[in-house]
Every structure is written in structure tokens, then in C-alpha cells.
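Protein chains: 2
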Amino acid sequence: MATTQLEYARQGIITDKMKEAALAEGVSPEFIREGIAAGTIIICHNIKHGNGRPLAVGKGLRTKVNANIGTSADDTDITKELEKARVAVRHGADAIMDLSTGGPVDEIRRAIIAETNACIGSVPLYQAALDAVRTKKKAIVDMTVDDIFEGIIKHAEDGVDFITVHCGVTRSTVERMKNEGRLMDVVSRGGAFTVEWMAYNNCENPLFEHFDRLLEITKAYDMTLSLGDGFRPGCLADATDRAQIHELIILGELTQRAQAAGVQVMIEGPGHVPLNQIEANILLQKRLCHGAPFYVLGPLVTDIAPGYDHITCAIGGAIAASAGADFLCYVTPSEHLRLPSVEDVREGVIASRIAAHAADIAKGVKGAMEKDIAMAKCRKKLDWEGQFNLSLDPEKAQRLRAESGVAEHGACTMCGEFCAYKVMDDAMEKQRAAGH
Amino acid sequence: MATTQLEYARQGIITDKMKEAALAEGVSPEFIREGIAAGTIIICHNIKHGNGRPLAVGKGLRTKVNANIGTSADDTDITKELEKARVAVRHGADAIMDLSTGGPVDEIRRAIIAETNACIGSVPLYQAALDAVRTKKKAIVDMTVDDIFEGIIKHAEDGVDFITVHCGVTRSTVERMKNEGRLMDVVSRGGAFTVEWMAYNNCENPLFEHFDRLLEITKAYDMTLSLGDGFRPGCLADATDRAQIHELIILGELTQRAQAAGVQVMIEGPGHVPLNQIEANILLQKRLCHGAPFYVLGPLVTDIAPGYDHITCAIGGAIAASAGADFLCYVTPSEHLRLPSVEDVREGVIASRIAAHAADIAKGVKGAMEKDIAMAKCRKKLDWEGQFNLSLDPEKAQRLRAESGVAEHGACTMCGEFCAYKVMDDAMEKQRAAGH
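Chains as they are written, first to last, in the numbering used here: chain A, 1086 to 1521; chain B, 1086 to 1521.
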């Protein structure tokens, strides 16, 4: 009997979730089914996520945006995180990852899941690490293999739709990184926990060694595996190095095993990457992982703009998505500086939506360019209501115009009576009147 | 006798301005001289601009950033514009264009020039249009050819370093636009004035027809011609159409004439352009204009993000500059909505500097990547002072971190004690201790 969307798709069955996703994307259910069967589309939806909507991610579909939220030990305010969840979804985030590591994380995760109907992701390794440190008063390295898998089951039971698992952090990739040398080593939190655990216990990564056990769990819930890039570069200088690419090869192999077992998979990608290396990174992922959906964190195209990493991320994300990345994880202005504020979340989501939409136009995603055409028509007519309605953030657009004082001429305070749209209308009128 | 840097360069003479520019760029004076002689580098500096620094723009050099400021009829506050000039330069703008069309524009222009030592640009056609409408109480179409040239001389006398002139708006390009049809016609203000004037007077564009007169004036001051793109697309749907490309061909021909006359030239470019058309736009400009420096306004990669056009601009600008554009005109969050505020100017400049720097890394501009490497080293050590000092906007980075409350663990409130940098240091220490 089939459990996962991948299994149904392979059997030629179009499920209700496929139909729902197809409707949201404006494509045919058969298009979705074919993509799932081929492993180039996933539907992220844990069968236990009662209030969640199935989210399709992958080839030929609208580029999706994820917002990371969650507490840390320094800031455990649950109401703020719930507000972030609402703000993220209101501004168009398709998914939310709860990365909480402070306060009552089980309670927080369940509250976040209950708060919206967005697709939910998490990193269950944090759970096991926290349980080891906070509950058992031990160290991260004292987690047992069972602790790690129990954390995963807990998240699956709560209805998490996709989990990041750093299965590609192996003895061989760690060795490669050490041999080549890096400026920033491992900057992925889950990756760093894993490396530390492996070093202390002198063991292989359990999520790699016991990958079949992982598949068994995720399959039972149709929870998507998001194969994490523990070796994602933490600075431009570390990008596209041997550790990163070797890990990607391993993730490609694991993708094949997961798909063979009927488990849906996507791949996580960098990180900090020079602009001219982004396209190659996407091509490599698509080739090495046989077209599996690609979920990128950024990429950030420079390291020297703390306070503006939503912009460094939007630049890299737009290029990545136009080259084939399917899912963008936002970055907020507070990245590298602090836990983001609610306002940071809003700015981060909008910046990534701009990147995703610009890429969708470039990729020819159905319906994307039509929005820009509609906006152009409203602009030409100086139809302000129409422009606001078509804006990614109508409230901000409206506010900026209102603050400037709206003048009688109907244009904006940039050009006023010398508005090019108005001048051109006059010019065209004059030409018509003159009969040429 | 030579007047312009182009003439000196062709004679094999390295001038003081070339030396000063070379020092600022970290290249040899001979590199600058060769580029100028080849027409791929310009030094923007009017011989009358006493307090101005020579600004080199072009192939192999750091990508430059311009900030547009200036009053409009709805907002004639001169002190605000001077504050914008200071803020723009403080945050790293290399040039300022004064586009004032409200209040005492002569006084404003001179005050802006006096305020900083940045390179200054303007659009003298506004001057003639304003004189016609405000001083002579006539219409834009009543400007005489002499009015237009007198405006140019006035700006040259004031020390303006580069002027935008829409010489490529000709009967043939207007005809092409009308035949093909456009959603937004002409959105360039100077372009629209020109089209209206041509329609009413049933004449060819005087800046095209009397191009030699223009060359004579600009040569006398070594004022750079910035050949404007009157047909720059005002929306994605109009990008890369026949009018735009035909105008670019004409600008290429005019570039050749200007350079033959010893006048320095750059070309202005779009505008609103889908992400996947940007590279082709740069390639076309470089080929059709024989490598002349390219100065782009954006390009904006989507039309639907009013309130965030500094971001749509940063995405397009980064791609354009990495493909070879030399000079980025910023766009502020207020674009399409109102005259920008001082804060908008700050945000716009930083966003464009991010784009320029990301592109400089991609292009391999000398010294660019070194900054990111230095930042990575400070990050790894959690050296916050070092990070702030290397930031594009130290004040904002510092403020965001300070607002979060700086904790004892030395990391940031995102991860706290679980900071990946710290965990990895522990892990590496454990590995060393274990002897593997």
C-alpha cells in the first residue's frame, strides 16, 4: 500500500494533495504527478499536519520562500515568535522553519504549527542536543543515537512537513575539509553539532550510518527529507570547495536511496557564494542529485554587509532561482548580528519574494510576468489604487506615497507636473493632432 | 593643444588626474591612460570643478555608484537636498546627479556642487525646460535650440562633470517605438521632453542634429557626455525592444564621433529588465559602443515591488555590473512613489554599493575579495569590532547587535551558546586532543 505522494505518483495515481497543489500553481494535476514521480517535484506535507496545506516545490513551479523563526537561549519569548510566524505568512512566506533552541521548544513548535497553515520545517537534531544539554544536564556529545532518532519521531508526530538532516557530514567530508583548510570551517549549526559529536565519540555520523532507519521514519509520515549542507560555506572564500562538493555528491547518492524507498527529498544549498559561482552551484546540484528540488539559504553574494543581508541574499537568491533553485530560505537584516525582530522577518520575507518573483519571470513560470504587465498598465495610467493592489507590500507603498503628500497633478512628488508619463501622453496627443 | 584626458591619453601623456585616479583604484597610471585612450575608461572631471576629485569609470576598475538627488516642484527644500548629498557621499556614493526641477535650481545646483567633492552629473535639458515654463511662462515645446545649448553651457560653467543628453531620441527611434507599440512609451523625463518638443515643432532632436555643437562645448570643459537612453524601458515588458536597441546603435555611432573629437563618453542603460535579459543588454552595449563605459539605472528586475526598488535595483545592478556594467545609478525605496527622503538616499546608496561590490568580486576587481576574507576572519574569531569596521554600514550593524543586548557568551542572540563557530572550535580541539 502506498503512503507517500512519491509512491502514489509512481503508481500513476493523482491524489487530492496533487490536485490541491496543481490548483495553487496553475498547472495540471498530471504535471505535478509526473514531476513527483521523476523526483523533480515534492509535495511537502506530513500526514499528521492536519491544519497544513500541501506545498509543491520543484521544477516548473513557482519559486517558494521559507522564513526561519524560533527562540534562542537569549530570547525565549514565544509570543514574539508567533507574531513572526503570522507576519511571515501574511507577507507571502510559503513555509516556516522553527529553529527554536531556547525555552520550552516542544511547546513553541506545536504553537507555531497551530498558528498558521504554512508548510513547517525543523532541524530535529537541535531537539536531541537541547535534551542532552538542558534536560539531561550533559553535553551535546553525550546524545545517543536513539536520542537523535527520538527527536526526529517527536517532530514527525507533531506534523513537521520537512526536516533538515545533515546526513552528508561524514568522516570523509570532514577529512576533506581539514585537508583543504577553510577560513570558517563549518557554520551550519546542525553540521557543527554533528562534527563535534563524531569527533568526541570517534564514530561515523549516525544519520548517515543509519540512513535506512531515517527513511523508515520519514516514510511513515510522508515527511520530506531536506538533506542539509553541513559544509555550506560560511564565507565567500570557502564557497564551492572540495568539502562542499563532496558532500553534495553524497547527498546525491542518498537522494537516490531515499527515492528508491519512496521517500520525498530535497537538497539544501549554500550559503555564502560569489555571484559568478552561483550558476555552477545550481547546475552541479541538479546534475549530482538528478534534478531533486534545491533549497538554498541565500546565497549571500558578499560578507561585508551585515545589517543588509536580506539584500545580499535577494541578489544571490534571484540568480540561484533563475538558474533553477526551487526554494529560497530568506535571510533577515539581522543575520550575523542577532535573533531577528518581527520587522526583520517582514523585510526578509519581502526581499526573498522579490528574488523569487524576478526569477520566476526569468524562468517563465506561468502567471509571473502577467503581474508585472498589469502593474505597468496601472503605472502608465497613474492608477495608484491599482498599483498598490498589485504591490508585494501594498501597505508600505501606500504609506510612502501618503507621507509625501499627494498632489493635485496625480503624479508623484518625484517629477510632479514634469512626470514623463504625462508629458508623453501630451506628446502622443500632439503627434496625433498633427496627423503624423 | 590637448584639453581633454582623452586627448592627453592618446598622446601618451599621463596627467595628474590619471595619477590620482590610479592611486584611488590601486592600478598603474599607465593602465588608466591606456583605458582612456581606448575609450573604455573615462575620467569624469570638468576642468571648472575646482573642489571635485577626478573619478575614473570603466573597464578593470571598481564599479562606481551614483545617487540621484534634487528638488521637485512639490518639494523645493534645499537644505534637505544638501543633507542627501552629504549622506550619499558619507555612505560611499562616488557621484551625485542633481536632477532638481523645483525652486531656484541654479542656486541648488551650485550649493550641491560646493557641498562635497563627489563627481557631479546633471540633465541640462531640465534647465531649458524649466526656464521655458517658469521664467518665460511658456511651454516645454517653446524652448529654442539656443535655450537648450545655453542650459548646457550654464552647467558646464558651474563645473558639472558629466551631463546626460538624450541624443538618441530621433525621428527614427520614435517611429520605431510607435510602430512596435509599448506598454509605457517613454519614461525618461528628458526623453519625454524631447519627444514632445519634436512632435510639436515637427523637427529632429537638436541634440542629435547639432551633435558637433554639443561636442564643441563639452570638449572645452572636458565634461563627459553621458549619452542618455531616452527609450529605456519603463517596465519589464518593454525591455530590449526595437526602439531601445535602435537607440543604442545610434549612441554607438555618436560615441565614435565624440571620441574622434577627443570628447569622453559613457552610455546610459536601462531601466526595467527581466533578469534573464540583463547579460545580453550589457553585451550589446559593449559591442555596439565599442567598449565605452556603461552606466545603468538599475536595472530593476520586477515592476511589482514599489517601496523596495532599492532591492529590485540591487539584484539587477549586481548582475549587470558582474557582466560588465561600470557605473550603477542607485534607486531608492521611494522610486515610483515620491521624491526620496534622506533615509531613502542612505538605503539606496548602500543597496547599490552591495551590488557593486558583489560584482567587483565576480569581476575580479583588485582588492574586492580581500575585504570579504578579512570579514570572514573576524567572524570566525567573533571579533565584533573588526566586523563593524569592515561593514559597509558600521553604524547599522553595531546598532542591531547592541539592541539585542550583548550576552556574555560573546556570540550573538541567534544561536547563543550553540554558536556554530564556538561548537566547531570545540570539535576541532577535541579532534586534536584525540590525535586524529
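These aren't lab readings, by the way, just hints derived from the structure by calculation. A couple of the hints might just be wrong.
It does not matter which identical chain is used: a pair holds within one copy or between any two.
To be verified - Here are the simulated EDC-like cross-link-like pairs (lysine to aspartate or glutamate), alpha carbons at most 16 Å apart as the crow flies:
#1 K1222 to E1168
#2 K1222 to E1364
#3 K1465 to E1502
#4 K1222 to D1326
#5 K1222 to E1502
#6 K1263 to D1510
#7 K1466 to E1294
#8 K1507 to D1162
#9 K1481 to E1428
#10 K1507 to E1294
#11 K1223 to D1243
#12 K1371 to D1227
#13 K1144 to E1455
#14 K1451 to E1502
This structure is a prediction, so every number in the text was calculated from the model and none was measured.
Which numbered hints fail: 1, 2, 4, 7, 8, 10, 11, 12, 13, 14
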